[in-house]
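Asker: Residues per chain are reported as follows:
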Amino acid sequence: MLFVIGALLFWLASILHYLLIAFEVSQQAERRAIELSLLTRDAELKALRAQIDPHFLFNSLHSISALTTVDPAAARRMCLLLADFLRETLRLGANNRIALADEFALADRFLEIERVRLGSRLQVTRETDPQATACLVPPLLIQPLVENAVVHGVSQLVEGGTISIAATRGGPTLTIKVENPCDPDRPRRQRPGFGLDLLRKRVATQFGAEGTVLVEENEGRFRVEVRIPAEVAA
Amino acid sequence: MSDHTSPIQAVIVDDEALARGVMREMLAAHTDIEIAAECGNGFEAVKVVAEMRPDLLLLDIQMPKLDGFEVLELIAGDVTVIFVTAYDQYAIRAFEVHAVDYLLKPFSPERLAEALDRRARASPRRRRCRTAWSWPAARGRRRSSGFSSAIGPTCT
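Protein sequences, first through last, are from chains A and B.
For the first sequence, position 138 (counting from the first letter as 1) is numbered 138 according to this note's numbering, and the numbering increases by one without interruption.
For the second sequence, position 137 (counting from the first letter as 1) is numbered 137 according to this note's numbering, and the numbering increases by one without interruption.
So here's chain A without its partners, still in its complex pose:
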């Protein structure tokens, strides 16, 4: 009898022990999953925040400072453009997916601001088909490409140049191209690095093997092509 009670107690204690271990393991796994998702979101947020280049802001403010006396109306317009751009960047950044059309509208605002600074040195052409602009993309995917095209491309050329933006949809694939002239002799540090790395990482984490980022520079032309699965709103 005593033996049976003892065995039973031992058995209960063992079960309790293993249950506790299992519970702890599952809790740990859960915690790790939460931590991981927080980390990912944190990284994404940091990435989005880092995409507003502080020098872009400082240069824009300097332009406003210059315009206040010579052309107050233009100074005000610039303030509004800048406010619009910042608000849209934050708003779009909070979404998981946005329409490519929205992304392009943001790029337009950015380019309009840079146009105030660079004048006729900055020209833009765009070829988009409506099927492509209706597609959904992760927010601020294209914006860094457009910024690179200005900062590392056109603004580094005395005579400036034209940035070509194109988006096409071929079956299940959405292709976005940003091309700009660049100075082939420019120093290393003026080459885009961080922005493109970030884009590659985002495309890889979000689309895996289905997403590709092609970067090439050839005889003073810098070209980036992003291919991702064409998603449309349900």
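Since the hints were derived computationally from the structure, they do not count as laboratory data.
Beta-carbon label-pair distances, calculated as ranges:
{"no.": "1", "chain 1": "A", "residue 1": "A94", "chain 2": "B", "residue 2": "L74", "range": "44 to 52 Å"}
{"no.": "2", "chain 1": "A", "residue 1": "N96", "chain 2": "B", "residue 2": "R121", "range": "54 to 62 Å"}
{"no.": "3", "chain 1": "A", "residue 1": "A94", "chain 2": "B", "residue 2": "K47", "range": "49 to 57 Å"}
{"no.": "4", "chain 1": "B", "residue 1": "D32", "chain 2": "A", "residue 2": "N96", "range": "54 to 62 Å"}
{"no.": "5", "chain 1": "A", "residue 1": "D197", "chain 2": "B", "residue 2": "L74", "range": "28 to 36 Å"}
{"no.": "6", "chain 1": "B", "residue 1": "R111", "chain 2": "A", "residue 2": "I34", "range": "46 to 54 Å"}
{"no.": "7", "chain 1": "B", "residue 1": "R93", "chain 2": "A", "residue 2": "Q131", "range": "44 to 52 Å"}
{"no.": "8", "chain 1": "A", "residue 1": "G119", "chain 2": "B", "residue 2": "A76", "range": "31 to 39 Å"}
{"no.": "9", "chain 1": "A", "residue 1": "P54", "chain 2": "B", "residue 2": "P7", "range": "31 to 39 Å"}
{"no.": "10", "chain 1": "A", "residue 1": "L90", "chain 2": "B", "residue 2": "D32", "range": "42 to 50 Å"}
{"no.": "11", "chain 1": "B", "residue 1": "R111", "chain 2": "A", "residue 2": "D197", "range": "31 to 39 Å"}
{"no.": "12", "chain 1": "A", "residue 1": "L61", "chain 2": "B", "residue 2": "K47", "range": "28 to 36 Å"}
{"no.": "13", "chain 1": "B", "residue 1": "K47", "chain 2": "A", "residue 2": "E217", "range": "23 to 31 Å"}
{"no.": "14", "chain 1": "A", "residue 1": "C79", "chain 2": "B", "residue 2": "R111", "range": "18 to 26 Å"}
A short, non-exhaustive set of chain B residues, derived as facing chain A with CB atoms under 8 Å:
{"no.": "15", "residue": "G21"}
{"no.": "16", "residue": "E25"}
{"no.": "17", "residue": "Y87"}
These figures come from a predicted structure and were not determined experimentally.
Note that CB positions come from ideal geometry on N, CA and C, so glycine has one too.
Position chain B against the provided structure of chain A, taking the given hints into account.
Answerer: Chain B in isolation, oriented as in the chain A frame:
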């Protein structure tokens, strides 16, 4: 300690017309300074400095072809430099090439006045002393004295 008989010859170097404009406008308040030229890129700046031998260079850093530091490497002689840029990360390098000041865009007229004041204290009538003050000697002296202290030869 500016020269009252002949104005200080300044050259504005910036690839943005608006930035050159605001500098021109703010400099108008300084009657002892005359804008000798405005340059839209580094090449022009090197050419203009060689031809005009200005006293003061208000120099942007990020420019097409030649950046502000490359311009300084290519010009010989003893022009005083004030860097004007939106980038704060070049401040240490600017100190190394002996700029008298480093203005961050956007800047106030007061901050520009302070930089010009610093220039005046740093190089009293320096342009008259080319033979008396060679560039390597100036480098040595400036390295030890820092941004704000009065440096340079005391000839008149």
